[in-house]
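2 protein chains.
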Amino acid sequence: MSSPVKDEQSDAMLEALIAKEILPQSGNWEGTEEFLNRVVQVLLKYIKDQNDRDQKILEFHHPDKMQMLIDLSIPEQPENLLKLVKSCEDVLRLGVRTGHPRFFNQISCGLDLVSMAGEWLTATANTNMFTYEIAPVFILMEKSVMTRMWEAVGWDPEKADGIFAPGGAIANLYAMNAARHQLWPRSKHLGMKDIPTLCCFTSEDESHYSIKSASAVLGIGADHCFNIPTDKNGKMIPEALEAKIIESKKEGLTPFFVCCTAGTTVYGAFDPLERVANICERHKLWFHVDAAWGGGMLLSPEHRYKLAGVERANSVTWNPHKLMGALLQCSACLFRQDGLLFQCNQASADYLFQQDKPYDVSYDTGDKAIQCGRHNDVFKLWLMWKSKGMEGYRQQINKLMDLSAYFTRRIKETEGFELIIENPEFLNICFWYVPSKIRNLEPAEIKARLEKIAPKIKAGMMQRGTTMVGYQPDKQRPNFFRMIISNQAITREDLDFLIKEIVDIGESLE
Amino acid sequence: MSSPVKDEQSDAMLEALIAKEILPQSGNWEGTEEFLNRVVQVLLKYIKDQNDRDQKILEFHHPDKMQMLIDLSIPEQPENLLKLVKSCEDVLRLGVRTGHPRFFNQISCGLDLVSMAGEWLTATANTNMFTYEIAPVFILMEKSVMTRMWEAVGWDPEKADGIFAPGGAIANLYAMNAARHQLWPRSKHLGMKDIPTLCCFTSEDESHYSIKSASAVLGIGADHCFNIPTDKNGKMIPEALEAKIIESKKEGLTPFFVCCTAGTTVYGAFDPLERVANICERHKLWFHVDAAWGGGMLLSPEHRYKLAGVERANSVTWNPHKLMGALLQCSACLFRQDGLLFQCNQASADYLFQQDKPYDVSYDTGDKAIQCGRHNDVFKLWLMWKSKGMEGYRQQINKLMDLSAYFTRRIKETEGFELIIENPEFLNICFWYVPSKIRNLEPAEIKARLEKIAPKIKAGMMQRGTTMVGYQPDKQRPNFFRMIISNQAITREDLDFLIKEIVDIGESLE
Numbered sequence: 011m012s013s014p015v016k017d018e019q020s021d022a023m024l025e026a027l028i029a030k031e032i033l034p035q036s037g038n039w040e041g042t043e044e045f046l047n048r049v050v051q052v053l054l055k056y057i058k059d060q061n062d063r064d065q066k067i068l069e070f071h072h073p074d075k076m077q078m079l080i081d082l083s084i085p086e087q088p089e090n091l092l093k094l095v096k097s098c099e100d101v102l103r104l105g106v107r108t109g110h111p112r113f114f115n116q117i118s119c120g121l122d123l124v125s126m127a128g129e130w131l132t133a134t135a136n137t138n139m140f141t142y143e144i145a146p147v148f149i150l151m152e153k154s155v156m157t158r159m160w161e162a163v164g165w166d167p168e169k170a171d172g173i174f175a176p177g178g179a180i181a182n183l184y185a186m187n188a189a190r191h192q193l194w195p196r197s198k199h200l201g202m203k204d205i206p207t208l209c210c211f212t213s214e215d216e217s218h219y220s221i222k223s224a225s226a227v228l229g230i231g232a233d234h235c236f237n238i239p240t241d242k243n244g245k246m247i248p249e250a251l252e253a254k255i256i257e258s259k260k261e262g263l264t265p266f267f268v269c270c271t272a273g274t275t276v277y278g279a280f281d282p283l284e285r286v287a288n289i290c291e292r293h294k295l296w297f298h299v300d301a302a303w304g305g306g307m308l309l310s311p312e313h314r315y316k317l318a319g320v321e322r323a324n325s326v327t328w329n330p331h332k333l334m335g336a337l338l339q340c341s342a343c344l345f346r347q348d349g350l351l352f353q354c355n356q357a358s359a360d361y362l363f364q365q366d367k368p369y370d371v372s373y374d375t376g377d378k379a380i381q382c383g384r385h386n387d388v389f390k391l392w393l394m395w396k397s398k399g400m401e402g403y404r405q406q407i408n409k410l411m412d413l414s415a416y417f418t419r420r421i422k423e424t425e426g427f428e429l430i431i432e433n434p435e436f437l438n439i440c441f442w443y444v445p446s447k448i449r450n451l452e453p454a455e456i457k458a459r460l461e462k463i464a465p466k467i468k469a470g471m472m473q474r475g476t477t478m479v480g481y482q483p484d485k486q487r488p489n490f491f492r493m494i495i496s497n498q499a500i501t502r503e504d505l506d507f508l509i510k511e512i513v514d515i516g517e518s519l520e
Numbered sequence: 011m012s013s014p015v016k017d018e019q020s021d022a023m024l025e026a027l028i029a030k031e032i033l034p035q036s037g038n039w040e041g042t043e044e045f046l047n048r049v050v051q052v053l054l055k056y057i058k059d060q061n062d063r064d065q066k067i068l069e070f071h072h073p074d075k076m077q078m079l080i081d082l083s084i085p086e087q088p089e090n091l092l093k094l095v096k097s098c099e100d101v102l103r104l105g106v107r108t109g110h111p112r113f114f115n116q117i118s119c120g121l122d123l124v125s126m127a128g129e130w131l132t133a134t135a136n137t138n139m140f141t142y143e144i145a146p147v148f149i150l151m152e153k154s155v156m157t158r159m160w161e162a163v164g165w166d167p168e169k170a171d172g173i174f175a176p177g178g179a180i181a182n183l184y185a186m187n188a189a190r191h192q193l194w195p196r197s198k199h200l201g202m203k204d205i206p207t208l209c210c211f212t213s214e215d216e217s218h219y220s221i222k223s224a225s226a227v228l229g230i231g232a233d234h235c236f237n238i239p240t241d242k243n244g245k246m247i248p249e250a251l252e253a254k255i256i257e258s259k260k261e262g263l264t265p266f267f268v269c270c271t272a273g274t275t276v277y278g279a280f281d282p283l284e285r286v287a288n289i290c291e292r293h294k295l296w297f298h299v300d301a302a303w304g305g306g307m308l309l310s311p312e313h314r315y316k317l318a319g320v321e322r323a324n325s326v327t328w329n330p331h332k333l334m335g336a337l338l339q340c341s342a343c344l345f346r347q348d349g350l351l352f353q354c355n356q357a358s359a360d361y362l363f364q365q366d367k368p369y370d371v372s373y374d375t376g377d378k379a380i381q382c383g384r385h386n387d388v389f390k391l392w393l394m395w396k397s398k399g400m401e402g403y404r405q406q407i408n409k410l411m412d413l414s415a416y417f418t419r420r421i422k423e424t425e426g427f428e429l430i431i432e433n434p435e436f437l438n439i440c441f442w443y444v445p446s447k448i449r450n451l452e453p454a455e456i457k458a459r460l461e462k463i464a465p466k467i468k469a470g471m472m473q474r475g476t477t478m479v480g481y482q483p484d485k486q487r488p489n490f491f492r493m494i495i496s497n498q499a500i501t502r503e504d505l506d507f508l509i510k511e512i513v514d515i516g517e518s519l520e
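Taken in order, these protein sequences are the chains called A and B. For the first sequence, our numbering assigns the number 11 to the initial residue and increments by one for each residue that follows. For the second sequence, our numbering assigns the number 11 to the initial residue and increments by one for each residue that follows.
Looking at chain A on its own, in the form it has when it is part of the complex (with noise of 0.2 Å):
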């Protein structure tokens, strides 16, 4: 660490500073330097004391009072250095360290260092996807890292296409454009009036919501886009699928595409992929795998059976940003079938795209896109993966596997607590608590006074600043946690402690 003496100075100089006073608008290199310097120094003590269990996940301030405490307007005039330098520091205080390892909020949680020093280079290099012309490193990265992607879904990468997409929902979005472009080459061009009243069909509940925004979006209607019952563990049953088909075309619709969810977000269940598969060869329709959570378990040889049947889709989304703990954006939509993208979404931008450039054009990836700009999302996934090997995954999947099984017990075994879902096979595990004081009421009565259980342990956490985790109800359930183990941090006490946090809030409610 910097003496006090060599703060002080720093601290002079960057107060005398504004941003036009450094790089890339003036040569002063050594204010530069000691602007960004700064600014590490702030990083770097926030990735160390989120990493410190006995650090507050967050202070937690309403609104109104958190305006009080940043100025977060524009100025007149420019800002000095130390103060940007300052502003980041309160945005950094102010804000929830979601990499901390007991916030168990969210399906991405923590803060892979490695990924994050790759999203540090993207930002320095700064450059945007279309072109082999402008990216030529990255743009070579995207196929080589799409081909292990595409190796662990079971396809041969000969053949296969992808992109990635600024997060899932785009990615299934993607999907779905593609699947219609497939079967109805002339919608692009003449839209949906032109062809025959689509519809899609995905697992009730259960899966993501972009599925049935994306039928929105497309123009297809959320109406035309059917949820299909679910069993007990959340998995979508075949025969009510294929029923719903049937029912579909004899209203006059045109089935088109069906969306599995691989690792679904409140239950974690893996639809039954190999059985909607018969289902959909037999119909002909686009079979679509949303991956996006629970993709990256092809990682892992001991767990991928899960998925057995992913192979014969024609398109899977899966985002690293969720199992693999890449940093936020990072979002594949893969293709089984290679052109069907680039036919899809060409627009044949002169400007852009020209044929007559001194490389082989064919690695231009700005055709295949619906964005024009499109963000480097692949380097911090490299970076990452090279830094585990598929070994690394593989164990830091099982790892988290095995905490999950490890909490599920401590659940089953602590009183008060109640699963959802009596054996989740992912790393979701659905809950409530059920306080000492109302254990005894009839169940209906008890039924009643979960849903505000849930929402006051919650509040209490997050008070306290100590952990955090996600709830909600469902159709028939009120109000219950949905605890997520995909931080590579965890340790089982950061587990035991959850318990710990919400017996003690959950029994001094009022």
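For the record, the hints were derived by calculation from the structure and aren't laboratory data. Not one of these hints is a red herring.
Note that identical chains are pooled: a pair holds if it fits in a single copy or bridges any two copies.
In the DSBU-like style, the derived pairs of lysine-lysine whose C-alpha atoms are separated by at most 35 Å in a straight line are:
(1) K409 to K367
(2) K66 to K153
(3) K93 to K58
(4) K203 to K259
(5) K510 to K316
(6) K153 to K93
(7) K259 to K169
(8) K367 to K93
(9) K254 to K203
(10) K485 to K245
Computed from a prediction, not measured in an experiment: that's the story for all the values here.
Start from chain A and add chain B according to the hints.
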């Protein structure tokens, strides 16, 4: 800089470590810090070199060769941290320095170091923009930054709305989707079959291809996006627009959306917003302004008149990653009227957007987005904007406009150069270079030869690695250069250099 002895020690330390032996999986802070500091050293050296005009912009290699220069494969076993640092060096060495002051190739050029520092922090904070719960400061920051943008457009911030989207193409898609929803809300549920056959309008060639692409994706059909002729400066001809609107109605179509471009991609033209706004009012059409590139001009009181009438738009796309110089991606889609974005995209995912949280959930933005996970694109913009203030942007944009005028003058007075548009009104300057050897040929012959001149000069630049500028043909014209002056680092000398380099390479062609 570190001494050689220290470097050797550092190398040895990092060579002995793999990722799981540092944070967050292990408590080894010394190794963690050393790794991150070494990566930062690599990045700082890159930044310093990039700003040194004697350094090359790129080492050009064809894809086959490139693949031999760097090992892009994903290994079975983890690679040690030293190897990762070396990989970072390799990737940067083999890439294109898009922040080099003589890289004029794209609309997004340059590397603002405050914005970059902001992106480093964003990566470190690694959160998701869907709720106040997990991104409290950043959610409020979006509102604060958008308030400045709404004001710049000329809207009442109390009534306006908006969202940061992954790039301008998706922002335009947001706008068109919202426009459809406002006019035909039932299309969200029932799709396009249930409503009239829609059509939309944008300028011929000059407009961004994403409007046609959005039309295709939304199920309206690319052929129902009509291209309106432009004048010799690349501006949409309002009379032609109105004629086409009337014609399309006669043909049984339902016009609903007009996109004006403020700063076209190739010529930098500004469509006549006031006149188009009148037509939209008359015909009750949604008026969208794609100011992805030109939006930054709103920050210059001297130049904002080019967008006069923008305040009458229903929606505006404005990409701070273009003229404002924020890092990719940073793109906003702004709406004059609050509420619509939510109605249009809301999917009511209970597991994300619970209403019984311990704070005012109206701050949660998730249900306004088509995406689910949404990258934090605002912090890098906010920090950069603070570093310049309103006054700094005013100066920066005025300076770029002055440089554009200077470059235009120099092109006019230098033998062999011919402007495509005599008086460019923005930061795009389009021109041919006619080598002396062919200057005396017949006009038709010159035109035929010119098609190959720009690609050859460009190839020469890439081989030399000294500068880069884009080229393309248009319907009537053979390949011409499109110069972009958007990097704040550009000086007059850089522009003189480009002219000299083009002459030098152009004259040496066979």
